[in-house]
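Generate coordinates for the entire structure from the input sequences, incorporating the hints supplied.
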Amino acid sequence: MALLTPLLAFLYHLPQVYKWLLRPYYVASLFMSIAFLMVRKTPGVCEHLSTQREDGNSCDFDWREVEILMFLSAIVMMKNRRAITVEQHVGNIILFSKVANVILFFRLDIRMGLLYLTLCIVFLMTCKPPLYMGPEYIKYFSDKTIDDELEKDGRVTWIVEFFANWSPECQSFASVYADLSLKYNCAGLKFGKVDIGRYGEVSKKYKVSTSPLSKQLPSLVLFQGGKEVMRRPQVDKKGRAVSWSFTEENIIREFNLNELYQKSKKLSKTKGEKEEEPEPDTNAQEEESESKKDK
1 MALLTPLLAF LYHLPQVYKW LLRPYYVASL FMSIAFLMVR KTPGVCEHLS
51 TQREDGNSCD FDWREVEILM FLSAIVMMKN RRAITVEQHV GNIILFSKVA
101 NVILFFRLDI RMGLLYLTLC IVFLMTCKPP LYMGPEYIKY FSDKTIDDEL
151 EKDGRVTWIV EFFANWSPEC QSFASVYADL SLKYNCAGLK FGKVDIGRYG
201 EVSKKYKVST SPLSKQLPSL VLFQGGKEVM RRPQVDKKGR AVSWSFTEEN
251 IIREFNLNEL YQKSKKLSKT KGEKEEEPEP DTNAQEEESE SKKDK
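1 is the number of the first residue of the sequence shown in UniProt numbering; add one for each residue after it.
Calculated directly from the structure, the hints in this document are not laboratory data.
You can take every hint at face value.
Here are the simulated distance ranges between beta carbons: (1) Gly56 with Met133: 46 to 56 Å; (2) Arg155 with Cys127: 40 to 50 Å; (3) Met133 with Val27: 13 to 23 Å; (4) Leu119 with Glu228: 35 to 45 Å.
Pairs of lysine-lysine, DSS-like flavour, derived with a Cα cap of 25 Å: (5) Lys215 with Lys139; (6) Lys79 with Lys215; (7) Lys265 with Lys227; (8) Lys238 with Lys227; (9) Lys139 with Lys227; (10) Lys227 with Lys144; (11) Lys204 with Lys152; (12) Lys263 with Lys152; (13) Lys266 with Lys152; (14) Lys265 with Lys183; (15) Lys144 with Lys204; (16) Lys139 with Lys207; (17) Lys205 with Lys238; (18) Lys227 with Lys205; (19) Lys237 with Lys207; (20) Lys152 with Lys265; (21) Lys139 with Lys263; (22) Lys227 with Lys207; (23) Lys139 with Lys204; (24) Lys139 with Lys266; (25) Lys227 with Lys152; (26) Lys139 with Lys265; (27) Lys152 with Lys207; (28) Lys237 with Lys205; (29) Lys139 with Lys205; (30) Lys204 with Lys227.
We put the beta carbon where it would ideally sit given N, CA and C, even for glycine.
Quick look at the structure:
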């Protein structure tokens, strides 16, 4: 059963995974992830490689390479236990495959290692993962609009994500946050986002560090009446983020979204009733007052 559950989950998401892998970023990443495998197994190339196998077969993995690949598999399995989305699963596999490729190429030939490492650096600097472009009910703030919008109506509760486009965790969380906005957005409960990688002043004001070492990206903050009520992940006295998993279930539970949504729907109905109230007929009032004077 332990093996059947992840297999069924993979098959369920297979069409989505297939669609992602067809994107140029993932196609290039896939080739870079299996680069050592292709070099080691390609006829005409593998015969010229060095090997530590007793049979001298340079077109197959030696015992040290097998150890490195097994260690890689163990790390990927550990990291994927905390992965939220399929993008994170695929991203972890690609990331640690590249790390293993660097080690394997350097062990094989220092020149090949330097060449592969250079390609990885160039790829990292020039290619970015595709951003989420699906449906959502999210308002994007700038440094000039966030304060005004949060304080505009004290009855409205805001959940704001502080993110940075360069953060893989933020990129993976985008689809989860979008789904939550589609399920819970209403007149009294709204969802917002602000790119603190772009607006540094917002980062300082709301005390969300953009350092990759701080692990504060993404950060979700609940505002009521323009004031912060809670945030995840929490930050301890030393300024370090307390580890927290950004799953949909955790967010719904910690932020009491079901309860907030029910209260916010009442606010929505109240607003709707006020908008539907007929405006007073001033002409009729004037005619009534004139008739009273005549009497």
